[in-house]
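Asks: Residues per chain, in single letters:
Number of protein chains: 2
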Amino acid sequence: MAKLKPRTLSGFMELLPAPQQQMERMMEILRRTYSLYGFTPLDTPAIEAAEVLLAKGGGETEKQIYRFNKGDTDLALRFDLTVPLAKYVAINYGQLSFPFRRYQIGKVYRGERAQRGRFREFYQADIDVIGDGQLDIINEAEIPSIIYKTFTELGLDRFQIRVNNRKILNGFYAMLELSQVAGDIMRTVDKLDKIGPDKVRTLLMEENGLSEEKADQILAFIAIRGTNEEVIAALEGYTGRNELFDLGLSELKSVTGYLAAFGVPQSHFAVDLTIARGLDYYTGTVYETTMLDHPEVGSICSGGRYDNLAEYYTDKKLPGVGISIGLTRLFYVLNEQKMLSDSLPTAPADVLVIPMDEAQQGYAISVATQLRTQGVRTQIYCERKKFKAKISYAAKLGIPFALFLGGDEEAAGSVTYKDLTSGQQKTADFAAAAADILAELEKRSAGKVIGE
Amino acid sequence: MAKLKPRTLSGFMELLPAPQQQMERMMEILRRTYSLYGFTPLDTPAIEAAEVLLAKGGGETEKQIYRFNKGDTDLALRFDLTVPLAKYVAINYGQLSFPFRRYQIGKVYRGERAQRGRFREFYQADIDVIGDGQLDIINEAEIPSIIYKTFTELGLDRFQIRVNNRKILNGFYAMLELSQVAGDIMRTVDKLDKIGPDKVRTLLMEENGLSEEKADQILAFIAIRGTNEEVIAALEGYTGRNELFDLGLSELKSVTGYLAAFGVPQSHFAVDLTIARGLDYYTGTVYETTMLDHPEVGSICSGGRYDNLAEYYTDKKLPGVGISIGLTRLFYVLNEQKMLSDSLPTAPADVLVIPMDEAQQGYAISVATQLRTQGVRTQIYCERKKFKAKISYAAKLGIPFALFLGGDEEAAGSVTYKDLTSGQQKTADFAAAAADILAELEKRSAGKVIGE
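First to last, the sequence lines map onto chains P and U.
Take 1 as the starting number for the first sequence in the numbering used here and just add one per residue.
Take 1 as the starting number for the second sequence in the numbering used here and just add one per residue.
Just chain P, with the same shape it has in the complex (with noise of 0.2 Å):
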């Protein structure tokens, strides 16, 4: 039979399995990190009525889509969590309960030019908390702590959670009359890391057509820097010029004020005038979040807090404020700099029972049923090979433990047992070895995720 030849579409992650079991660990993570701030897990399609996908129209996003019909339908696939949740939440208004705290981790689809590291299919994972005509800043302050957890449980430290205050950089350029062009100036400003200020400085001259007055003003604005405290004093000396500025540092002081009581160490968080989040969409409080050994690869995790979540849908006011971690992207970095930690258990199973002749393997079944009642990942392994061949086998998967049944062990209901990393062979009663077995996988699934 001709054959064909099989590939998987470039821009598509399919991972091996030893790498795919560390994605879902991290997964896990987030599930249960995000579960613990009282979000709770929804699912939508990953189809939708192309009309309801692109409500809001417009630009880079709707050439990057999946579009097609089926049959008279136009159809579209998610290009993020962000929409599907504002039809959801339009739906079902009704039935849920305000403020309602959702995670979704699912995948997202966008047909961008395939480079290195970009992915057309690619899992996002979202919090999102939306209020009904109104949200408390408490639910700004808690971000920072969920950002930091999450992080912290999957084993990173070297990172930092950069917060700014969008009605405090509007504020700010009202004050200078320059409201009209604050966008300009944004998008210069955010080269600040590239190129330094004093290009920043000519650029807002001859760019964005500044006075020299007014780029020294924002350049004195931007450079500064220090503690929450020293940033907060510093912002403090332009407050009674402008309300939304105003508001904007009591928010900003409402989110540092409660980091400790949220755990968050001031090591991992910095208030950073440069960071605005894109344009509109975002009202107030933004964040980012960066690697510290890694500041090319950008924010991890970003977001922000939002006035109306659903306008294309409903009349409802729905503020809300929200964060998404690009997780194929960030395990695709984290694969790349090797950061990804070699020592948690990445096999299919923690014990390959080998019976020694076909005579056992009814025993070997029994010992393998009651290491599942306890709770350890078991496979059986009765193909016809040598010896040799099948403690290879659970060595090349990394399995950590082999169980040897032979006619020995089975008149004497125990277990012969061999740690395929130490090379340490036993033989005990079943009971024994579980325990061992067990306190072993125990001590070698304590590790995170990420190892720096």
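Heads up, a few of these hints could be off.
[As the list claims (entries may be wrong)] In silico BS3-like cross-links for lysine-lysine, where the CA-CA straight-line distance does not exceed 25 Å:
hint, chain 1, residue 1, chain 2, residue 2
1, U, K5, P, K56
2, U, K3, P, K317
3, P, K396, P, K426
4, U, K5, P, K63
5, U, K426, U, K385
6, P, K316, U, K5
7, P, K316, P, K56
8, U, K199, U, K214
9, P, K5, U, K56
10, U, K316, P, K388
11, U, K56, P, K70
Please keep in mind that the hints were generated in silico from the structure rather than gathered at the bench.
Take the given structure of chain P and dock chain U to it, following the hints.
Replies: Frame of chain P; chain U shown alone:
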């Protein structure tokens, strides 16, 4: 602004938060159970090159498929998890160890005519064991124990795993010199439950053109019932006439012989000579699983042994055995039949922390942070609402505990907590309250998802 009416496409399941929690719990149980048997999780793209997905070609599937172009590429959404597995194994053959045991829980897409209980996007939960050239019968014998464990862990008791062997069927029809029309005969026999033996006999003669004698032989064969021993004893009467039949019987004996060692009670297992599971693909043991009280639902977990997983992609002979649960449909049926337990928690949080006044917000955050450290899913409620509205928020969501933190509590470092089910309210120091709450939560989580 003009609003667009939001909608979710028909045939796409989108659950409210409480049932979604039940669905998530089911998926978590499937992941855990499959892992216990040494299956490794895989995740393949939902989109594949159409030519790869349709290599096998053919019939109904092709009509239902979601197929579309993006740029020059002819794409399709996967319609099952078996073809992607075949592709994966063919691509990664050199890097996998065989037997290769994988599970995959993922969405698949079929553009069927929309009707109640039929889904166009639905989860399948599959396991497969793939051998390289050969695969021991023990793998077929193990499958019923996985089915048994899976449904038992979900909480289902009133189900039966039905097993047959295609070699027995094919051998039997060869004995009758009916191999050429075996497919048609099996389709007729498949109607037995619906139309009864007399009508099957008539159809066998009138539609399949069999002699009265052969029709009677078939009816006698499929009427074989009883315990495993009784069925096998009856089948022994046919041995010595066809090699394939004899091999099939010996396989069936292996499968039934190891049931006890695998922990499968006889009550949940039956050899059923009427089931065949499709015509060409399966070559050995086949499985169906039925709910005893809901036979109208059909099989909720099916599969079997096949000889060539990836024949369209590779010359390698890759025999395997696998089963699949149509999870979305199963969930739908359980929900319709009111079989999903309502005693398990479906709230987004275990505890709602309510500061009595703004002055206690810091204390509330500290208490919530500590609860989360202990694994308690905790939400802080600081919206500006009346006290009654806060309690009714918790009650509506089914959050089991509310914590009230006033000035007295903060001064004493204590918490006042109310069990919203019993109405009982206590004040205690934090450690005692947390221990009490954790113990109560553990009790409430002890049940199973399915309640019969």
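Asks: The structure should be examined with respect to each hint, and the outcome stated for every one.
Replies: Consistency of the hints with the structure:
no.	hint	in the structure
1	U:K5 - P:K56	holds, 13 Å
2	U:K3 - P:K317	holds, 13 Å
3	P:K396 - P:K426	holds, 22 Å
4	U:K5 - P:K63	holds, 23 Å
5	U:K426 - U:K385	holds, 23 Å
6	P:K316 - U:K5	holds, 13 Å
7	P:K316 - P:K56	holds, 16 Å
8	U:K199 - U:K214	holds, 15 Å
9	P:K5 - U:K56	holds, 13 Å
10	U:K316 - P:K388	holds, 23 Å
11	U:K56 - P:K70	holds, 22 Å
Hint violations for this structure: none, all hints satisfied.
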